[in-house]
Amino acid sequence: MTGGGLTRRGFLGAAAAAVAVGVGTACGGGGGGDASSETTLETRPPLVGDAAVADLHARLENLAIDTYGALLTTASAGKLGPVPALVGAVLDAAKTQHTEHLAVWNGVMRAAGKPEVNTPDPGLKPTLDSMLAQVTDVEGAARLALLLEEILADTYLKSIPTLLDKEAVRSAALILATDQQHQVLLRLVLGDDPLPEPIQIPDKAAS
Amino acid sequence: MTAVAGDPVEALLEEVLDLDSDRRAALRALGRGVGVAATGCLGGVLTGLLTASPMAAATAAADPALDIQILQTASSLETLVVDLYGAALGTGPLGANAPSAKALATMTNTTARDTLVKLLTETQNQHREHRLAFQTATLALGGKEQNDPNPKYTSGVASADVSSPLRLVDYAAVLEKILTDTYVVDLTLAENVKAKETLAAVMAVEAQHLALLRTVGALLRDGTPQFLKIPFGSDLVNIPATLAAVAFPSAIEEVSSTAEPGSGAVP
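If you're matching them up, the sequences are chains A and B in order. Numbering (the working numbering) for the first sequence: 299 to 505. Numbering (the working numbering) for the second sequence: 30 to 296.
Chain B extracted, bound-state conformation (with noise of 0.2 angstroms):
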């Protein structure tokens, strides 16, 4: 298959919305998985990207401030996180003396400490896309851009023991499960397609953090830190079976907690 976004897509993209050059191209990259969905027999023509002008939008759903608060909430989640990750990667207002940040410094496996400071440095970039993202989309309905992280865990965010590598990891899968949780539950509540496909296009990448989070975990709680490397080498042999079963619990996972989508709106 061949994506087929291009000039076509990016002048329609800039017609529609006056948007600086981050959110161009976050929208160039949703605007390719629109593209290239397009040239399938399900979706049509350049139908996601006109429900993503603010014009085609309010076609698309007849009340669009519902979709603007998911959005924004599923902003202020991402802010969540970023600033988790940040704490522990003592970019955070703390630094270095963050709690988690602390007991990153700990590790006394410097391979396994490097190879969980990349995996969270990644996660946190992947993060801020997906809040900017959301935010593109929310500007693209008309809303306000949402920058603030979500009150209903804030003070949970900020008085988590995360004083171990362990207790850093499950609490970080803890929040990726939520994220992940309340997009499922916003897909069947959101009307308008093109915050459907972010929503989805997100959730995806929060279930992956979810299962490498788990993974790790797994492994700083069996007392293995030496397997944590990437690529596990001559050591995959030795990796226990049972992370399969950690990794991916069960076929159709229960949704847990989630975020209402008015918890995070912008007032």
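Excised from the complex, chain A in its bound form (with noise of 0.2 angstroms):
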């Protein structure tokens, strides 16, 4: 694919700000995922433990699922152009999975005695929807789902072996596999190769 207002040179770029923004603003945050609220962030006891790693993951579930949501919306709205049938087959079963996978952090959560967590990272939302914005056709929104995918990925890659439970690192792992698939279409929508590295390495992690 071609063209389009993101560019890949220009959204490799975006890419890394977008990565470096979300662990910076991220690190030292979790608490729950309500960040709107300052008062109740520093009455809150930091999370700890497999708790934290859910948080953190739940968070980014909710970013996956409101940024593909705004994607189907923009899609919906024809603001993308013509959509070929498995690139919005991509996006809609995309989002539902990681519905899917949220309902999996937010029962750890509910079991560890902490609230759910329904909002999206707010170190990432930002540099996301900044993103988002940017997208004007087909070859946009893959990319800015890959790269989604990819940050997702890589910070399970790099929570599994954080994870106590042995029910969580199951979860954790079958969810990563699940999004390491959702990349291989998205590769192949977009005519890269679907196989890019031979040992995953978590270099878009969140944190």
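Take the hints with a grain of salt, since some may be wrong.
Stated by the list, open to error - A few chain B residues facing chain A, derived, Cβ under 8 angstroms:
id: 1; residue: 152
id: 2; residue: 217
id: 3; residue: 232
id: 4; residue: 233
id: 5; residue: 236
id: 6; residue: 265
id: 7; residue: 270
id: 8; residue: 282
As the list claims (entries may be wrong) - To be clear about the criterion: a stretch of chain A counts as covered by chain B if any three or more of its residues have a C-beta under 8 angstroms from a C-beta of chain B, and this derived list gives those stretches:
id: 9; region: 378-386
id: 10; region: 475-487
id: 11; region: 491-501
These are computed hints drawn from the structure, not numbers from a lab. For each residue, glycine too, the CB sits at the ideal point set by N, CA and C.
Fit chain to chain and form the complex, with the hints in mind.
Below, the structure written as structure tokens:
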């Protein structure tokens, strides 16, 4: 695929910025996913262990759901031009599956006696929204979706060895597998190599 | 984010492991991942690297025997699929006479055939790197390197019906699913951090192999080999939407068949 308001080169630069911003602002975050109230954050004890990881994953799953939702809305409004059926199906299925993934992590939060997380990662959200505003065609939409999947997958990859609960490890691994599979079709849609890394490196992981 | 691996990392690896250049390269690759992880908030600086050393591994896992078995079995699974793809590519013991190699040669759509050969070649190369990573991790834990294919599946692979491109692709997908599921389960069993990092990093790629093979299989099954090409180009609008559900059929896939940790262990 060629052309588009969000070109590949421009996208890569923006993607690097997105990851950098996300890491820079999210470090030391957590706290149940509600960043709207400083008082709440100050009074709530920091999350630790698996709950902290679940919080991070839930924030990112919310980010994915929001972003996919926005892409689908934009596509439905005709703002991306003609959308191939496969692209629409990938965006739609991925959004649905991320909703299921979110439920897993909110289940972990509930089990830990912590509140559910129903807001996107506050560090990455503004940057992703900014990139979303630049999407004007199908290629741009697919590239943004791919970046999102890479961030989520790399974050899972990084966090799996840190999880203590075996069931949480299993869930994270299975979700990582699915996110990796989302990437394959997005890369095929884009005409990219579907298997770019022989061994996955978590270089886009958020924290 | 910036990877932090550099000379100090390599120096540490070489200090604790006396390995040949290929293994050092693989460790450097994994070390970069660890280094990147260490730049985040969750990871401690060099935590992963230190657990790659035999001394640190001993502290991370009280009894590394199970971790070693897991890594040896993983090596044996990688050899199994390296051989499967090698046969299809005509580089196995039977050369071009292997049933799967003959099957690929029958493909009349040359673009589809060339694309499939390229994908299988890339996949085989990645499995070689996976095997090296598992063997390296095995040695780091003080275990013996596993070079043989997994005996649980060897006879099945040898007798599998791979007499058509579709059957070959479908069978390869079955094996990739076994590898993916095995590593998922292994992640819940392993204790050593480096072993877990390696399993996760490889499992993530096996999942991609699986999705790609499912996609290729669907195109062949539907009688549309003309769409088997990268990029799709103007045919993107003609690719069926059903491929999404084929490539990732559920949000959290069931684990099906797995290789037990001891099934490929070195006696």
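Against the structure, the hints come out as follows:
no.: 1; hint: 152; result: holds (7 angstroms)
no.: 2; hint: 217; result: holds (4 angstroms)
no.: 3; hint: 232; result: holds (6 angstroms)
no.: 4; hint: 233; result: holds (4 angstroms)
no.: 5; hint: 236; result: holds (4 angstroms)
no.: 6; hint: 265; result: holds (5 angstroms)
no.: 7; hint: 270; result: holds (4 angstroms)
no.: 8; hint: 282; result: holds (6 angstroms)
no.: 9; hint: 378-386; result: holds (count 6)
no.: 10; hint: 475-487; result: holds (count 10)
no.: 11; hint: 491-501; result: holds (count 10)
Every hint from the earlier list agrees with this structure, and none is contradicted.
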